[in-house]
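Asker: Going down the list, the protein sequences come from chains A and B. The first sequence begins at 1 in the numbering used here and counts up by one. The second sequence begins at 1 in the numbering used here and counts up by one.
Hints are computed from structural coordinates only; laboratory data are not their basis. This structure is a prediction, so every number in the text was calculated from the model and none was measured. Beta carbons: idealized from backbone N, C-alpha and C, even for Gly. Keep in mind that the hints are not guaranteed to be accurate.
[Stated by the list, open to error] Quick list of simulated restraints, FRET-style, between CB atoms:
| hint | chain 1 | residue 1 | chain 2 | residue 2 | range |
| --- | --- | --- | --- | --- | --- |
| 1 | B | Pro-113 | A | Glu-270 | 49 to 59 angstroms |
| 2 | B | Phe-30 | A | Pro-82 | 25 to 35 angstroms |
| 3 | A | His-229 | B | Pro-35 | 34 to 44 angstroms |
| 4 | B | Gly-32 | A | Phe-201 | 33 to 43 angstroms |
| 5 | B | Leu-51 | A | Gly-351 | 54 to 64 angstroms |
| 6 | A | Pro-76 | B | Lys-79 | 49 to 59 angstroms |
| 7 | B | Glu-166 | A | Lys-368 | 42 to 52 angstroms |
| 8 | B | His-211 | A | Asp-281 | 23 to 33 angstroms |
| 9 | B | Pro-164 | A | Leu-30 | 45 to 55 angstroms |
| 10 | B | Pro-164 | A | Pro-232 | 51 to 61 angstroms |
[To be verified] Derived coverage of chain B by chain A (criterion: at least 3 residues anywhere in the stretch with Cβ under 8 angstroms from a Cβ of chain A; other residues may be distant):
| hint | region |
| --- | --- |
| 11 | 85-96 |
| 12 | 122-132 |
| 13 | 145-156 |
| 14 | 159-172 |
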Amino acid sequence: MAYPYVSDREVRVLSKNFGDPAARRLDAYLERGGYQALKKAFGMGPDAVIDEVKASGLRGRGGAGFPAGVKWSFMPKQPTKPHYLLCNADESEPGTFKDRELMRWDPHQLLEGCLIAAYAIRAKQVYIYCRGEFFETTQILAKALEDAYAKGYVGKDIQGSGNDIDITVHLGGGAYICGEETGLMNSLEGRRGQPRVKPPFPAAVGAFGMPSTVNNVETLSAVPHIITHGGPWYRQWGTEKSPGTKLYCVSGHVNRPGNYELPLGFPLMELINDVCGGMRDGKALKAVIPGGSSVPLLNAEECAGCNLDYEGVQAAGSQLGCASVIVMDENTDIVKQVRRMVAFYAHESCGQCTPCREGTAWMTKILKRIEEGRGKEDDLQTLLDMSRQMTGTTICVLSDSAAAPVVSSIQKFKDEYLALIRRGERVGVA
Amino acid sequence: MSEDAFNNPGWAGNTGEFDLSEDQVRGDDFVGRRPAAGGHPSGAASYPYMLADKNPEAVLFEGDYKERFEKILTRYPNKQAALLPALALAQEVRGHVSPETMDRVAELLELAPAYVRGVTTFYTMYNKAPVGRYLVQVCTNISCNLCGADEVMEAFLRYTDTEPGETSEDGDFTVIEAECLAACGFPTCVQINSRYYENVTPAEVPRIIEHLRSAAAGGR
């Protein structure tokens, strides 16, 4: 069965095996040059591996875009305690569905990336923290891991190199906040997945109190390619500040939603009109959320000149996040969708910080009221005031994320709110 | 759903192939049927199933499940870290995580019962009350919602004749709303027990329900 999400504009580096069930087998992976990057890395030494990844400019694909090589370099060079590598496979940002594809189509690519990264940061234990809902995906991953253990690519004295690295697949219990790196660490330790105050940063005090690094599935999946071909090779795609390729997860009102691997800096409108076959039913574009539900939405005008790299999306007034492009057509009820997103944040708030715990729930109530035609014009100012108080005032950014769609939608689609509110008032008077 | 047949590359098969067996969905030629004892310890924590048949009175843990539990313990520096996998395993056996189950898990891991309750109730995937043979979780978050998830949710409620979270009279179905299941390109995504059903439209709901009903009747 052919993988349907293919476009000739794609540069398939990480996604080249999507749609090929054979690729998840160890023998097929080895035939295609698999685990050669690991061998090369073992020959280079940990610091040279970090330098190579730094040279590639690979930025964290989990949303924040922090340079991966720099993050690794924060880990102590002379371990006095166990180090841990944590692979963030919690994939819980609404609109994001790339990690599941990476794990179920090319599990060994991720395992090899984990091994190289663990070697670079001098960790002997890797935990792949998968979201609990991924039953099917984790079974493929665990089977691949079992095969890799059987052939000596993971475990004690890997391929006679003298390096010991263990990998364990761990499942979460269904909580969005465990995708936040310190929430993930708490959850891994068998606690509630509540984020921790930083500092101390994970490289100093991480999982089990030990130096730890958390990387996204997509970041780690890119590592074997960078080691094989070198950092400069990776820079042939993308921009100076955002090099490489990225999996764009496109969902919503387009003809061909899906995962498309394209160079960073790809124009948003070409992604929608060309790669994804245009808007569904030929409708007009109303808004796009370019990076998952936690980032401000863009109206059609702002989408026009927007290039999808970290700087480009910021210039357009939003963030690239994990490049989860949610497309909304002219018939979209913005207020309803914003209410649905905020209700999600209210459900997923861990409850530690008052502005978030109370704010998300209160915002949901106000938005619900507006949606049902019982809103007041003052409500919009209340929402904006609350958004201000919910931004930058909490341990993690969940609260900021809940505020982002509220503020941006009130700024850009105020008339929709007002229409609902005023219609409601008329109904109330009659 | 647009007119052109849009193939789903995932385990749920092509659009509309909702009557695949669990083995086919799982990719039996690669993954195979997992042993209850959990296979290699590296993946022992990654195989919790949500099974149609539940045994709320089962012993925690005995036989193969005990073996799997012990494998899980070997992968962490302390017992507390095995809490989430242990809860998932308990749910696989018993179908839900009752207060008694929480206490038993606390005993096994040498943790305070109140601590285990605090952690268990933080996470949504541990069913705190019994659910039907099939737990239907409809994603109604933004990407699915834009493509009609609310209507899919309504259809599941209508055809199972239940309210959200309530178990149908025959004990077969519990339907709840779920937050994003990370299958946003294949809306609407519905998780039924362990399996994702993707590209589900309201029109296809009766067929899915019928299929599950006959499977349930076969299992009784």
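Asker: Each hint: holds or not?
Answerer: Tested hints:
no.: 1; hint: Pro-113(B) - Glu-270(A): 49 to 59 angstroms; in the structure: 57 angstroms, holds
no.: 2; hint: Phe-30(B) - Pro-82(A): 25 to 35 angstroms; in the structure: 33 angstroms, holds
no.: 3; hint: His-229(A) - Pro-35(B): 34 to 44 angstroms; in the structure: 40 angstroms, holds
no.: 4; hint: Gly-32(B) - Phe-201(A): 33 to 43 angstroms; in the structure: 42 angstroms, holds
no.: 5; hint: Leu-51(B) - Gly-351(A): 54 to 64 angstroms; in the structure: 31 angstroms, violated
no.: 6; hint: Pro-76(A) - Lys-79(B): 49 to 59 angstroms; in the structure: 27 angstroms, violated
no.: 7; hint: Glu-166(B) - Lys-368(A): 42 to 52 angstroms; in the structure: 22 angstroms, violated
no.: 8; hint: His-211(B) - Asp-281(A): 23 to 33 angstroms; in the structure: 30 angstroms, holds
no.: 9; hint: Pro-164(B) - Leu-30(A): 45 to 55 angstroms; in the structure: 48 angstroms, holds
no.: 10; hint: Pro-164(B) - Pro-232(A): 51 to 61 angstroms; in the structure: 54 angstroms, holds
no.: 11; hint: 85-96; in the structure: holds (count 3)
no.: 12; hint: 122-132; in the structure: holds (count 5)
no.: 13; hint: 145-156; in the structure: holds (count 3)
no.: 14; hint: 159-172; in the structure: violated (count 0)
When each numbered hint is compared with the structure, violations occur for hints 5, 6, 7 and 14.
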